[in-house]
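Starting from the known structure of chain A, fit chain B onto it as the hints suggest.
Protein chains in written order, with the numbering used here: chain A, 1 to 114; chain B, 1 to 116.
The hints are simulated quantities; they were obtained by calculation from the structure and are not laboratory data. Any given hint might turn out to be false.
Claimed, not checked - Okay, derived cross-link-like pairs now, DSS-like style, lysine-lysine, Cα gap no bigger than 25 Å in a straight line:
| no. | chain 1 | residue 1 | chain 2 | residue 2 |
| --- | --- | --- | --- | --- |
| 1 | A | Lys5 | B | Lys57 |
| 2 | B | Lys11 | A | Lys38 |
| 3 | A | Lys71 | A | Lys113 |
| 4 | A | Lys106 | B | Lys11 |
| 5 | A | Lys56 | A | Lys109 |
| 6 | A | Lys54 | A | Lys68 |
| 7 | A | Lys5 | A | Lys106 |
| 8 | A | Lys106 | A | Lys71 |
| 9 | B | Lys57 | B | Lys15 |
| 10 | A | Lys5 | A | Lys56 |
| 11 | A | Lys5 | A | Lys68 |
| 12 | B | Lys57 | A | Lys106 |
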Amino acid sequence: DQQVKQNSPSLSVQEGRISILNCDYTNSMFDYFLWYKKYPAEGPTFLISISSIKDKNEDGRFTVFLNKSAKHLSLHIVPSQPGDSAVYFCAAPAYGGSQGNLIFGKGTKLSVKP
Amino acid sequence: GAGVSQSPSNKVTEKGKDVELRCDPISGHTALYWYRQRLGQGLEFLIYFQGNSAPDKSGLPSDRFSAERTGESVSTLTIQRTQQEDSAVYLCASSRLGAGVIYGYTFGSGTRLTVV
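Just chain A, with the same shape it has in the complex (with noise of 0.2 Å):
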């Protein structure tokens, strides 16, 4: 079984305060995380990744957790600013597949109010 999952489809946070958005997975075999911003219109953007031997990876105002005894990744903004309203997916590469075989959650929106 490989899925990986966000239960949270919205998520509303003030201009300046910390965004955080949960991603779960279902094979412990997953070696590497991604998430991607999407905006309405365009093409999903590529934000940050973490593998799977770290349990933090920080860029800039983005950081990702990595909790493997939970299954649990979890993207956090800080500060979060209006222009980071998108819809935000994980994905990781399918164990067992090709590079090219990204398994996506179904994304969670975010909105920030100014």
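Below, chain B alone, put in the same frame as chain A:
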């Protein structure tokens, strides 16, 4: 070009017709991917071209779907005898070979296909 280009941006077709979707990857990107996103769903892998190696076609949902790539450039995704469940946004992406997992893919804006 600077980004991944897809055409057409929108396509409305009648059930049973064939459609062809085109993707121009970023120059120098040897890996090319096709995904689709149906309404309310995540992105679904279709096919992956990796340089001169045999493509990974494991995501194609039926034999009505096929894709070709000319060398390391243009790719076309063909859907024969379209069905209403084929309605989706079809996204193409490219990356340098071996780098897609770590550095992500660059996606095009997609082709919105509507089968009526």
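Task: Pair hint outcome, Lys106 (chain A) versus Lys11 (chain B) [Cα-Cα no greater than 25 Å] - done: Distance of about 24 Å is within 25 Å: holds.
TODO: Quickly compare the C-alpha distance for Lys5 (chain A) and Lys106 (chain A) to 25 Å and report which way the hint goes.
DONE: Given pair Lys5 (chain A), Lys106 (chain A) holds - Cα atoms ~7 Å apart, limit 25 Å.
TODO: Starting from Lys11 (chain B), check that the Cα of Lys38 (chain A) is at most 25 Å away, please.
DONE: With a Cα-Cα distance of about 21 Å, the restraint between Lys11 (chain B) and Lys38 (chain A) holds, given a limit of 25 Å.
Task: Given hint Lys113 (chain A) paired with Lys71 (chain A) - CA-CA distance at most 25 Å - done: Given that 25 Å is the threshold and the Cα spacing comes to 30 Å, the pair is violated.
Open item on the list: Check the hint pairing Lys5 (chain A) with Lys57 (chain B) against an upper bound of 25 Å on the C-alpha distance.
Closed with: Roughly 24 Å between the alpha carbons, so the hint for Lys5 (chain A) and Lys57 (chain B) holds.
Open item on the list: Holds or violated: Lys5 (chain A) and Lys56 (chain A), Cα atoms, limit 25 Å.
Closed with: holds (19 Å)
Task: Hinted pair Lys54 (chain A) and Lys68 (chain A), Cα distance within 25 Å - done: holds (9 Å)
Open item on the list: Given the hinted pair Lys57 (chain B) and Lys15 (chain B), is their Cα-Cα distance within 25 Å?
Closed with: holds (24 Å)
Task: Lys57 (chain B) paired with Lys106 (chain A) [C-alpha distance capped at 25 Å] - done: Given that 25 Å is the threshold and the Cα spacing comes to 22 Å, the pair holds.
Task: Given pair status - Lys71 (chain A), Lys106 (chain A), alpha carbons within 25 Å - done: Measuring from Cα to Cα gives roughly 17 Å; hence the hint holds.
Task: Holds or violated: Lys56 (chain A) to Lys109 (chain A), with C-alpha atoms at most 25 Å apart - done: Holds, at about 23 Å.
TODO: For the pair we were handed, Lys5 (chain A) and Lys68 (chain A), check the Cα-Cα distance against 25 Å.
DONE: The hint holds at about 15 Å.
When each numbered hint is compared with the structure, a violation occurs for hint 3 only.
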